[in-house]
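**Q** Each chain is listed here by its residues.
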Amino acid sequence: MRRDLLIRSAALALVLVIVAILAFYSPMPENIRVLLQNLMIYIAIYSIFVVSLNLEVGYLGLPQFGKVMFLIIGAIAVGGIATKLVLLIYQSYLLKAVGIAPLSNIGQYCMLYQYSVSSLVNQQLAQNPALGLGYFLFGVILAMALSAALGVIFAYPAVRLREDYLGILLLVSGEFLRVVTYYATPVACGVNGAVIPDPFAWASGATRTLVFFAVTVLFLFATFLVFEVVGNSPFGRTLRAIRDAETAAAVFGKDIVKFRIRVLALASAFAGLAGALLAYYFDYTIIGAYLPAYTFIGWTMLILGGQGNNVGAIVGVTVYYVISTILNVYKNALQAALHADPTYLAYIVFGLAIILVLMYRPQGIVPEKPIKTIDLHNLRRRLSEKKD
Amino acid sequence: MASRTAWIVGVVVLVIVIAAVVAYMASQGPSQTTTPTTTTKTTQTTTQTTQTTTQTTQTTQTVTIGALVPLTGSLQFMGTSGQCAIKLAVQDANKMFASKGIQFQLVTQDSACDPNTALQMLQTVYSQGIRFVVGLTCSSEVSAVKNFAAQNHIVITSISTSPLLAVPKPYIFRLPPTDDAQAQVITALMHMLGIKKLVIVYRSDAWGQGLSAAIANDSAKYGIQVLGVYGYDPSAIPASEQAAVQQASAALGSPSPDAAFEIVSFDQDGAAVVQAAMNDPVLSKVRWFGTDSNVYGTAIIQAGGQALANAKFMGAVAAPNPNDPHYQQFAREFTQFCGHAPTGYDPYYYDTAMMVMEAIAKTGSTDPTVINSVLEQWGKNGTYVGVTGPVYFDQYHDRIYASYLIMGVAIVNGTPTWINAGFYNGTTGQITAFPQGQSLFGS
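Sequences listed follow chains A and B, in order.
Each residue of the first sequence is one higher than the one before, counting from 359 in this note's numbering.
Each residue of the second sequence is one higher than the one before, counting from 12 in this note's numbering.
Since the hints were made in silico from the structure, they are not lab data.
As the structure is a prediction and not an experimental result, all values here were calculated from the model.
Wrong hints could be hidden among the right ones.
[What the hints assert, rightly or not] Among the chain B residues that face chain A by a calculated CB cut under 7 Å, a handful are: (1) Val118; (2) Thr135; (3) Ser138; (4) Gly140; (5) Ser154; (6) Gln162; (7) Leu175.
Even glycine gets a Cβ: it sits at the ideal position worked out from N, Cα and C.
Whole structure, please, built from the sequences with the hints as guidance.
**A** Here's what the structure looks like:
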């Protein structure tokens, strides 16, 4: 099992390194390299998101229809809380420079001064990379902690109920959080959206992209390791047992509710991490944009890639983005050839792909494999060898 | 077994990525191509029956521009019409600049009014070698693409109007004036009509919040007392609108000739506001005002055309003088090309594309840095005169001195109809009532 984990991790690391070299140091034209660089960042962030969804859906069979909620929490942690902390640190400087204290009149700041303030804060952060890193890590950790806590709190009322009730509650929770926070200016500048100071302001241009790519890939790798270990541990095997035969697992003494809560907390924390990374990547976030479609895009990726294994989740994200980008690039040419409006082409293609996958390959591109555990005979032998 | 799978998967992923990149690169040509395509053969006959044949080879340079417009999402109604205006601009430019040997092509992507999608689409068109992108609509999209555009030197012309973006934004130009300018026009119109008390109902988004705040601020300059400003959630039609209207009615208290009701809405949600207000005993007896996003609306006029006419509803939309022959020609061409008359922002969508294409054609350069400087220079001098009039930019690349058309609803042949009621001259600040709009300006 440990050997398999090492091989999978090494394979992922190898792929990431090759792609990084391809994206940043290959002699490709600049415009293609820029596309590839940014595409890799999206893939890395969404891989974290979908790997966490996989623990809930693929391993435990939880109907997680409110996954977008954690992208929102990540956005709030970064755009609403970490940003305000930085504004607080530079409050006196900002008061002198632009004549306003952003935190004392948040409405005016959100509507008129965000860019001028953010530009000044970026200048300061550029001179103080350590503070920038602290601000980045604070946002990320806060997003994870808040997501874990709120994930459990929102799901708690229905966590004992049947799957369909829980699914609906999670879906509603995501929308509830979006609508409430979108219209509350103090949260993350509400309808104006929050302009986020750049934690890597010391790097500019392609260097900034490289730094962000490296950080994101590092987080992806860590996420993969964590979820591989969890998924292949006794805990992970119990999750599969609950998924496959809930009553049987309960009969064997497994507390279904406790397992659901633990999974929700862990998976939500990492989805919150994806939300925070997304917010830092864009330097801007507007909560109203996080519609339930984000949840179902995650589901699409997972269905295509294969549920119940983390490699499948990452493959699903990659396949989705590659197809999506190719469609975007070629859809204008297709329009000329087919004389049809290509606006909904991606929806048609992915809709069709989901139907075909569910009909002919429900296990996805990378099917789930039985977990390799040491058989009882070998285990007893090793134990006896140790005793000797 | 599992390890073998992992390796296979890893290789497959890598192959997919590499294959996609290679296929993509192989199919890519630069977006600006120069090809000798046109051969003109001229035969001249002289009186001495001598024939001279000259052959001229002319090169045609193809320049691809990108359009990022919301073809899905909440502003789909604007994006689809705007896309048509941009296509018309490309067609016109190809006619106008054919003699210069320049041919423009258009690549359109759906930005969905979603900042995340907008940035991804901008990166996609950038990868296609496109350095000129037009039509970006939502302010949140402009916020998301701002840094990428500056970093990669992509010239963007947008129709975003949020005052939040009145900041330095290299390579981004906004063709309509910001909402602050619209607020000035609306409050000047109210002042002209003797309004002293005002209640405002607005859709709770960045646009609605910004515009209603600007109207409230400018009202104070004219001594107009704002008795209440109430937002509604546009996704919760019609309950949210009804609640806001009730609050506004309560704040106004009783109707009077110097009281007014300002509706800061789009078309569909505006219809819900109108339906609630037309049955309200207070609001149904005062003047109503609108914005650039609900005038020309079909839903709003269907919902309460008669009530709008009774309330002498007027709203301002940044537009050239409708009697301007340049605009009239555009309106005719647009109607013929798109199958309907141009609405609110269509002339601006047209100019976002035409201004850039004209700069490229006149300078002969496809270098975005050069075009950025040219647009800045043109914006200082008002060199470019589009269908929306002469274009001047301030230091933030935002439009200034824009004129506004004042639209109203009147009963024409027994049917509530949008009419051109008046005109606000952006240069002089004067409001002129057109003959057909006199009844709306009267008490």
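**Q** Any hints from earlier that this structure breaks? Give me their numbers in increasing order, please.
**A** Hints that this structure does not satisfy do not exist here, as all of them hold.
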